[in-house]
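Residue numbers (the working numbering), protein chains in the order written: chain P, 1 to 284; chain D, 1001 to 1262.
It should be emphasised that the hints constitute simulated quantities derived from the structure, not laboratory data.
Where a beta carbon is used, it is the ideal one built from N, C-alpha and C, also for glycine.
Treat the hints with caution; some may be incorrect.
[What the hints assert, rightly or not] Cβ-Cβ distance ranges computed for the label pairs, FRET-style:
| no. | chain 1 | residue 1 | chain 2 | residue 2 | range |
| --- | --- | --- | --- | --- | --- |
| 1 | D | 1085 | P | 169 | 24 to 34 Å |
| 2 | P | 165 | D | 1232 | 32 to 42 Å |
| 3 | P | 11 | D | 1151 | 52 to 62 Å |
| 4 | P | 165 | D | 1160 | 23 to 33 Å |
| 5 | D | 1242 | P | 196 | 44 to 54 Å |
| 6 | P | 276 | D | 1199 | 39 to 49 Å |
[What the hints assert, rightly or not] Reference listing, derived: stretches of chain D covered by chain P, where coverage requires no fewer than 3 residues with Cβ under 8 Å from a Cβ of chain P:
| no. | segment |
| --- | --- |
| 7 | 1084-1093 |
| 8 | 1106-1116 |
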Amino acid sequence: MDVYTRRKIKDVVGRLLIALIGLFALTPLFHILISITYNGVRVIAATGVIEFLTGIPNPANPSNPGGIGPAILGSLVLAAMATLIAIPIALNTAIFVSEFRGSPASRFTILLSLLLVEFPTILVGLFVYAVVVEPMRRFSLLAGSIALALVMLPYVVAQASEALRQIPRDLREAAYSLGLSRLKTVYRLMLGMARRGILVGILIGLAKALGETAPLLFTVYGAFNTYPQSILDPGAAIPLLIYVYAQQPGEGYQALAWGAAFILLVMVTSIVLVAKKLVPRVHL
Amino acid sequence: MELAEFDENTPYAIETVNLNIYYGNKHVVKNVSLRIPRNTVFAIMGPSGSGKSTLLRSFNRLLDFYPEARVEGVVRVLGVNIYDEHVDPTIVRRIVGMVFQIPNPFPHLSIYDNVAIGPKLHGMCKSKQELDELVKWALEKAGLWDEVKDRLHEPATKLSGGQKQRLSIARALALKPKILLMDEPTANLDPVSTTRIEELIVELKKDVTIVLVTHSPRQAARVADYVAFMYMGEIVEVGTANEIFTAPKNPLTEKYLTGVVG
Ligand SMILES: Nc1ncnc2c1ncn2[C@@H]1O[C@H](COP(=O)(O)OP(=O)(O)OP(=O)(O)O)[C@@H](O)[C@H]1O
Ligand SMILES: [Mg+2]
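Pulled out of the complex, with its shape left as it was, chain D reads as follows (with noise of 0.2 Å):
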């Protein structure tokens, strides 16, 4: 399979059809068949336990790596079935990036090398400079490149946790992926870290899809444009953020909003 199957013009990123989900037999995404339009920040919202990480981790198949996991129906990356069996899931997974919840940059290695080591591993540049290069511009989208560029080569481990986060973006970036999967990604940073992700976000999301779990509705209304809510594992409600923010037309999605479900 190639990277070039993917088709970048159609209308929808990620399009599922009946999709289902189980770990062993416990039933824990339903029927959920979803659209999520290409260049939107396209927000999950949902109580604890709801399904929104498995549903998103169907997404790349990070799935395969739960053992105890099975996924049913179709899942449509950019137009291919990225279930299908002709499917390489690798590639799947530099088309499809993710970002999550703890920030998690490899410890040993340098803040240079957290984000070199996808294409380096990839053979995506032909030289240093190349590689150079998409760093730098990796770091630059994921507005850290002015706070590093003096310490490339220090551990990423002496980093604040806003700036791990936006070194993990980064990182991600760097495959110059079509989509990016980002779970609560600002969940354990503090208010003004969080504030410089979500407008990492609406920057972004130009040149990437953002499919963005949160249990913010605040985030949510300040980044989504669109809002999917998720309950006991069905989808049930999806609109334009401003829809669901102003008039949301299923009773649950309302509690949670207001505060009394979840």
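Isolated chain P (complex conformation) (with noise of 0.2 Å):
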């Protein structure tokens, strides 16, 4: 065998370890997904997609346990409420960042930023209850919006940031050479030429959020059974039912726990989906 033969095997063989070794690596990840796959769909099957989406639980009856309905639309109602916060907030302090960048305002906002990505998020669930729950002495959606609303904003500021400073310089030449103030070219073009990465930094936020239990547990509580009637009732989300359903003994829990995760898995992937399609290279 000569010196380029022996070469290329070797080269093949290391190729096929360091395959093996990834797939080793991932395949508690494929475990997890397949498990609330297959479980999931048959929880959903069984009992009906409508109904799944839309009915309450019932966990008495393991065959047919209800629905999700309330927890759905809670993380819906949650998403939708803690995104409406979190841009404005998101937006002005990326603007902020990138428009005084190098300043040691703006340093040291990046710093929080980072720091309130690291956080955990039982401490911002805490937070929320200190100063939304209590003072109005009820767990509500909107405390739990608030609450998931922090969740999403260092991921927002992070994405429309970055995408603002990546504006050339000239076309904010071209915007101040028209007589635009700085404020009126911040406003009106670059968060449009931006939008893009304001984009994914919210969709990327509000996967993350979609399934955060933790901020939600001292502030939304879990109303699993009842439809909220306003976002100052409790409600519930698909993560805490999930965390909530998963500890009871009852098979009627545990389906309608594999029914929710699947539901959440299909929600998260869309959404990060929707993401990577609109920028190839998206750090998650």
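Please dock the two separately framed chains into a single complex, following the hints provided.
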């Protein structure tokens, strides 16, 4: 065997080894995905899609445990309100950070925002409990949205400020040369130019927020069986339902948790896919 | 400050007196005193790094956005010293439009919106119809109307390089400026597009005074009424295009024009 053939064999063996190790490392992930899909689809198929998406839980009957309607609605309302709360704050922060880049205040804001990414979300929940739930003397979807908005915030800030930073200088100059003030340039033109990055930030933030349990524990409480009448009512959310039901004894609870897990998986995956499609190299 | 403060009938569109510009402590424009007659094409030539773009950016106070830049001296635009304290630079920039070297329409806006954005944000039009007419007028002036009238709402990014540059010109014209600064507007264009823009420049000087930075002596000869030659921050020679091209007085000018300097 000559040197080249030997090298070639070594190369192939090496690649194979790496692929095997990779496969091994990914096995748990595949396992999770497959078992959630398998169990979730089975439960949802048994109950019926519409019933599962809109019905009220009936865990006493494991063969037809009802649906998780209030939790799904709760998650949608929480996501929508959190986004509405997070966007104006995040965009203004991003503008501040990118317009005054290099200034101490801007660097401090970036630091704060990085810190918020790493901040234990249970503490976000506690914080909102202290400043919203306690004074209002009630758990509410509003309190939950504020907590989730805080979770989303740093992702939107990071993506939006990066998108703003990447706008070439000559486009800014073009705007200035039309007699637009710095403020008008940013708010009326650059936000539009950065809209893709902003959208990606919102989607990534949403994907994170949708799957969060901890910030909701002390804020929305779990009203899994009733549809909320207003945003000041306690509510439910899909991850909260999974967290609570998975711990309950009883097959009905387990079935609902599996189904809910599958719904959550679908929601989060589709958001991430949209974000990926918008920008090929999204950092998650 | 008001737009009306600018006197449209002064003989000089731009007049500088002992203008000095620094970036930090780097002196890049030195003691420039220039007079640019109204409704002419005034070309500024000179080797790379001689300070042409810097000088141009001082005519519409775009240097305000360069924190390290410092301007000393007087720049009068239609009789108003634009570095005077009471002057609102955003109004100066409406009177003095600018076109850049790289065609730079706003990529997220349609052809129409690129032209409309300035008038819209300045509240120049009372109705949609008035705005439509202004957009059409500006696109016609920029010689682009016929090519885009059926696709005004397509993204500006779909245009060719030459069309993008004419769109940038239309965008500037939509504010009805009296002066148009053009910093090497054809440096990135093919010969055909370049010819279109040169024809346009000659056409436009009926309405506006054009200050044109160019590296091409041929271009200056084709379109300019006056030529200033800049060298290491100083204006070393100014004259009519004819004078400069037939009998340059300064040896540096001659060397540059024959391709020895720069
Ligand atoms: N923002 C800045 N900070 C510091 N120095 C600068 C800055 N911009 C330009 N300069 C310097 O000032 C000098 C003049 O630059 P300017 O861009 O005005 O030259 P120019 O004549 O337009 O050159 P070119 O023909 O290459 O466009 C150059 O030496 C350049 O390096
Ligand atoms: Mg230049």
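Hints versus structure:
no.	hint	in the structure
1	1085(D) to 169(P): 24 to 34 Å	holds, 28 Å
2	165(P) to 1232(D): 32 to 42 Å	holds, 34 Å
3	11(P) to 1151(D): 52 to 62 Å	holds, 53 Å
4	165(P) to 1160(D): 23 to 33 Å	holds, 29 Å
5	1242(D) to 196(P): 44 to 54 Å	holds, 52 Å
6	276(P) to 1199(D): 39 to 49 Å	holds, 47 Å
7	1084-1093	holds (count 4)
8	1106-1116	holds (count 4)
Of the hints listed earlier, there is not a single one the structure fails to meet.
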